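Q: Residue numbers (the working numbering), protein chains in the order written: chain A, -1 to 309; chain B, 106 to 425; chain C, 5 to 543.
Calculated directly from the structure, the hints in this document are not laboratory data.
Please read these numbers as outputs of a predicted model, since none were measured by experiment.
We treat Cβ as the ideally placed atom computed from N, Cα and C, and that holds for glycine.
Check the hints yourself; a few may be wrong.
As the list claims (entries may be wrong) - According to the in silico footprint, chain C covers these stretches of chain B (three or more CB under 8 Å from chain C): (1) 144 to 157; (2) 192 to 204; (3) 370 to 380.
Stated by the list, open to error - Now the stretches of chain A that chain B is said to cover, found in silico as 3 or more residues with beta-carbon under 8 Å: (4) 235 to 244; (5) 257 to 267; (6) 285 to 291.
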Amino acid sequence: MVDAPITRPRTRRDGQFDRLRDRETSMQGKAKRGGRFLGKFLSNRLALVGFVIFAIICLMSLFAPLLAQHDPMSPNLRAIAQPPSVEHWFGTDKTGRDIFARVLYGGRVSILVGLGSALLSALIGVIIGVYSGYVGGWLDWIAMRVSEIFMSFPQIILVLLLVAILGQSLLNLIVIFTLTGWGGIYRMARARMLSIREEEYVQALRSFGLGPARIAYKHMLPNALGPIMVNITLSTAAFILQEAGLSFLGLGVPLSIPTWGNILNAAQDLRVLEQNWWIWLPVGATISLFVLSVNFIGDGLRDATDPSQQG
Amino acid sequence: MLTYIAHRLLTLIPMVIVISFLIYLGLELTPGDAVSHMIPPDAYGSMDPDRLQELRESLGLGQPFFVRYWIWISGVVQGDFGYSLAGGVPIADIFLDRLPATLELSFAALLISTILGSILGTISALTRGSATDQGLTVVGMLGVSIPEFFFGLVAILVFAINLDWLPVGGRTLPGYDSFWDRLPNLVMPALVLSIMMTAGVMRYARSSMLDALSRDFIRTARSKGMPEWRVNILHGFRVALTPVIVLIGFRLPVLIGGSVIIEQVFQWPGIGKEFVSAVRSQDYPLVMMVALFSVLAVLIASLIVDLLTAIIDPRVRLGE
Amino acid sequence: MNKLLTTSIMALVSAQVAGGATAQAINDSELSDPRVRQAIAYAIDMETIAETLFEGAAIPAVGLTSDPANYPDGMNTYSYDPERARELLAEAGWDGSRTLDMVYYYPDELTANFMAVVQAQLADVGIDMNYRLLEGDVGAQIGGVPDDPVNGPAVVEWDILYGARAAIANQEYFNRFAPGQMPTVPTIDAMVPLVESVNATTDPEVQRAGYQEMEGIINEGAYILPLYYQQLYIFESDRINRNGAPYGNEQYNYNSAIETWTVEPNEDGEAVAYTNGAPMQFFEVPWQNLGIWVHSKYVFDTILEADGALTPIGGELAETYEVSEDGLVFTFTLQDGLTWHDGSPITAEDVQWSIEAAAQFPLTHPVLASTLSSIEGADALLAGDADNMSGISIDGNTVTITFEVLDPNVFLSFTQFAPLPSSYFEGADPLQLQQHEFWQMPIGSGPFMIEEARMNEFTTLVPFPDYHRGEALIEQIIALPSADGDANLIRNAAAFRADFGYSKNATDVPSLEEMEHMTVIPANIPYTRMFWINQFPRN
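Let the hints inform the model, and build the full structure from the sequences given.
A: Written out as C-alpha cells, the structure reads:
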C-alpha cells in the first residue's frame, strides 16, 4: 500500500491535466470549506469574544514597550508593594517593580512558551504524522512507538522528569513542552490520513502519478487542518497553565525572567494573598482570561470544522 | 478475548523496559546525585568531599551505568523495588504509605466530577440553547482556565483561614481514626482537583445526551406517552453515561499525575508530592519507581478502556 | 534588638581605612583588583535593602562574624556610596565590557528579589550582572579549589556566589583561608599563620586577636563581601508558657528546658502543642544538623549543655566533666541510672560506639567531625586499620578521650553531640547510618519520646516518664511536616497549628508578627550571608 504503480510513461498532457485538476479541486474545496468555516466560526459568539480577548492580550504584550511606562525589571525599594495608582496601574510588587509592565512583558514570555510550544509540536506532529500516515512503512512504525512511549506518561510526570533531566531554562521549557505535546497531534494527523487515504480523490491523484509527499502534504493535509487547529489552541491553553503550575513547584522558567507563572507565584505567600491583592489578582485574571479566550477559540474551531459536533 | 488480553499485556513488557531504560539514562545524564542533596548548601564549603565520595561508593552510585541499571531492573523484575537513597526506606513501603492517600484524593475527585459533570451536562443538553446551557458552558470553560494551584491557594485563604470552615491542609492528625474524621481535610483538595474534570465530563455528557435524545427509541418512548422527565432520565441518561464511563477510564491515570500540584498545595501526603521531592533531591530509585508506576497505570487503564468499549459496543472488535 | 546591634556595630567602626596595600589587579581577572571589589561593596545599599525588602529581618554586615569584639579599629562599613563606587571603578580601569555571572542556591522568591535589586544597584554604577540559580550538584559547582592556589585558573565557573556561612565556631568563618582551601581567593600569605593560630588554642584572647587581624585583612581587601547577618526568629503562640526558660539559637541544642514549658489545654482538656518540622520520609541523624529539628533536640540529650549563645555551661547526660591542662584529655562521667526511651540503660559503651560512628558518618556536622577526627586513633579507624579509636577508654560510667591534636571546640562539640543506643545498630555500616531502619522510629534519651510517626503527615511526641530532669509538662507535641521558608508554616500558624518553633526566613517574620496570637522573639545566631568574589582568572 505504498504507491500506485505507474503503468505508462507520463506525457505533457498528463501534467497539464494534473494542474488543472489540482487547481479546480483545491480552489473549489477551499472556497466552500473556507466560507462555511468562517461563517460558522463568526456566528459562534463565544469564539468571537475569545478571539477579541486573545488578540487584545497578544497585542498588548507585543507592544509592551510602548504601553508600559516602567521597566519591568527595575526595582524601586522606596515604593514596594504599593497599591494601584495613576503612576502604577496595577501597583508594585515586593521589590517595587511595576506590575502592569511585568504582566505585559510576562505575557510575551508566557505566550511564547504556550503558543510557541503548541505550534512547534504541531509542526513536528503534522510533518511526521501526515507522511507516515499516508506512506506507512518503517518510519511510521518508529514514529508510532516513540509517540507511544511519550504518551504513556501522565503529562505532568513526564514534564517534571524532563525538567529534572534538562534543567530549568526558557528554551528547555519550550523543548519539553514540544516533546510532550507532539504525540497527540501526530496521532491525530496520522489517523486522519489513514481514514482519507482510501478516498476516491486520493486514489485518483495517485493514479495520476503524483508523489506521496505531494499527495500527503498538498492534497490530504488541508482536509485534516480543522482538528489540528483545534489541537493547537487546546495545547496552547494547556501549556500556559502548565508553565504557571511549574512555577508554583519552583521548577519553571528561572525567576529572573518575568512570566505570568512567576508573577503569580507571589500568591504562595499568605500575607501577599491576604493583603496585596494587586500582586496576584491582575496576573491571575490575565492568565485565566487568556486561557479562557484560547479555549473559546478552540471550541469555536471545533464546532466550525467538525460537523458531528452540533451545538 | 483472553488471548487478546495476554497479547496486550505481553507487549507492555518491552515497552516498560524501554521506558525504564530511557528514564534511567536521562537521569544518568543530569549533573549531581542523591548525595549532593543530602547536605544543606550552606554547609558544602566545610564538608569533606572524600567522605561524601565514600558514601557514594557505598550507596552503589560509583558503579558503571549499565551495571547499576542491570542491578536495578533485575531487582524490579524480582519484585524488589529497591530503597530510597536518602533515608534507605524500602520503596515498596513508601508506595504502600502514599498510594492510599493519592487514590483517596483521586477517587473523591473522580466521584465529584462524574456526578456533578453528568448532572450539569444533562441539564445543559435538556435546556439546549438556553441561557442556562450557555451559562454552564462558560462556567465550565472558566473552570479549566484558572490555574489549579491558584484556585487552591485562594480556596485556602477563604475557606480555611478567613471562614475557618475547613483545615488548611494535611490528611490526618493524631486521633483521626476513621475516614469520617478526615473527611473535612479531603473536601478542599478533592473539590479543587475535580474542577478540571467536571468541565470535561460535563461537555461529554452534554453531547452524548444530545446524541441519545435524538435516537429512535427515545422518540418511541415519547410517542408512547411516557412523561418527559422519565424519558430523559431513564433512557437518555443511561445511554449517555456509557461514553462518560469510558472517558473516566482515560482520566484515571491523568488524575494520578494531575494531583501532583494539588497535593503540593494542600500538603496532601500522596505519590505526587513524593515524586516532586524525589525529583528535587535526585533520589533516582524513587523517581524511577513512581514514573514506572504511573506509566503502568496509563497503559493498563487504556487496556481496560479498550476492553470496556468492546463490551459496551459490540461493533468494536479487539485484536486489530 | 536589631537596631541595638546595628548601632553598636556602627559605633565601634570608625573612619575608613585610607589606601589599600596593593590596589591593583594581581592577575587577568578584573575582580582580583581590590578597587573593583570595594566598588561592588559600595554599590550595594544593604541598609535600605534590609529595611525594605527584608522588612527589618536582616542586619547589614560589617565583618564576617557579627561580634564587633572581633573587629580591629577602623573597619570600613562600605556604606552605600555609588559615587565612590564609580570613582574606584574608574581608577581600576573598569570598562564595563564584562558582564558578571552571579550564582546562588536558595530557591526562594525573596532571594530572587534580592538578586534583582543587586543587579539594578550594580547596573547603576556601571557593572552589568546576570544571576542564575544553581541546579544539580551545587557542592561541586561552588567548592572547586584551583590546583594552583596562587595563580589559578579558577575551577568554579562563576564570578560571584551569593552564599552564607553558618558557623557555630568562629574558626569556621576563616578556615578556608588556609592554603589550598579557597575556591575564590588566591592565597593571602598574611592569613595563613592567623588561621593556624586560632585553631591551635583554646584561649579566647589569642583567638580574638587572630579574628581581629583576619577581619581587618578581609575588610580592607574586600576579599569576601559580608552582606548581612541573619537572625533567627522564635515564634510562640499565646497558648505556650516557657515559664522563664531561656531563648537561644534554636538550630542547635541549648538549655531551652522544654520539660518545664506548659501549654494551655485545648477544649478536650489536653495539653497539646503543635510545631513544625516533622520528617517527610525518615528522622534525620542528630549528628548532621545537630538541633535543627524538634526530633533531634527534644528526643536526644547531649553529653554537655550549652546556653542560648552555645557557650558550654554544664553537663546534660554527663554528671561531671573536665579537661586536662594541656587541653588534650577530656573526661566525663555519665549520670547514674540514665535510660533510653526503651528502658535500657545508657552506657559508656553506647557513647564510645556513637563517637566512633559519628567520626565515620559522612554527613556529621563539620565542627563535630573536626573534633572527633582529632581524637587519637581516629585516622586509623577512618582508614579501616582499626576497629576502635585508641584514644577512647571507658571505665564504668566514665569516658576518657585523648586527643592527638588540640581541638579548640571540644566543649562546644560535646554540647551538640547526642549518643545513640548502640544495641540497635549491630553490624550497621556507619557510612549508611542514615539509611538504617532505626530512623523510622528512633529511640532517644531526651525529655520527649516519639509516640507515632506518620511520614509526611505528622509526628507525635510524648513525655519520657523517666527523664532525668523530671517528666515534661506538655502532654503531647504534634509536629507537622512544614519547615521554615515553606509557605505551609504560615498557613499552619494562621490556622492555630503552630504553637512554637522558629524560622530564619525573612518572609515568614512579618506574617507571624501580624498574627494576634503569635509572639516573635529574634535571636542572634552566627549566620552571615555574603558574596564570594572569584578572584582567580577564568578560562
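Q: Would you say the segment 192 to 204 of chain B counts as covered by chain C, given the rule of at least 3 residues with C-beta under 8 Å?
A: Since three or more residues must qualify, the claim that chain C covers the segment 192 to 204 of chain B holds, with 6 doing so at under 8 Å.
Q: Can you confirm whether chain C covers the segment 370 to 380 of chain B, using C-beta to C-beta distances below 8 Å and requiring at least three such residues?
A: holds (count 4)
Q: Residue count check for the segment 285 to 291 of chain A against chain B: does it reach three with CB-CB under 8 Å?
A: holds (count 5)
Q: Please verify the coverage claim for the segment 144 to 157 of chain B: does it have three or more residues whose C-beta sits within 8 Å of some C-beta in chain C?
A: holds (count 13)
Q: Closer than 8 Å, Cβ to Cβ, for at least three residues: run that test on the segment 235 to 244 of chain A against chain B and report holds or violated.
A: As far as the segment 235 to 244 of chain A goes, the hint holds, because 4 residues have Cβ atoms under 8 Å from chain B.
Q: Would you check chain B against the segment 257 to 267 of chain A, counting CB to CB pairs closer than 8 Å, and say if three or more residues qualify?
A: holds (count 4)
Every hint, counting from the list given before, is met by this structure.
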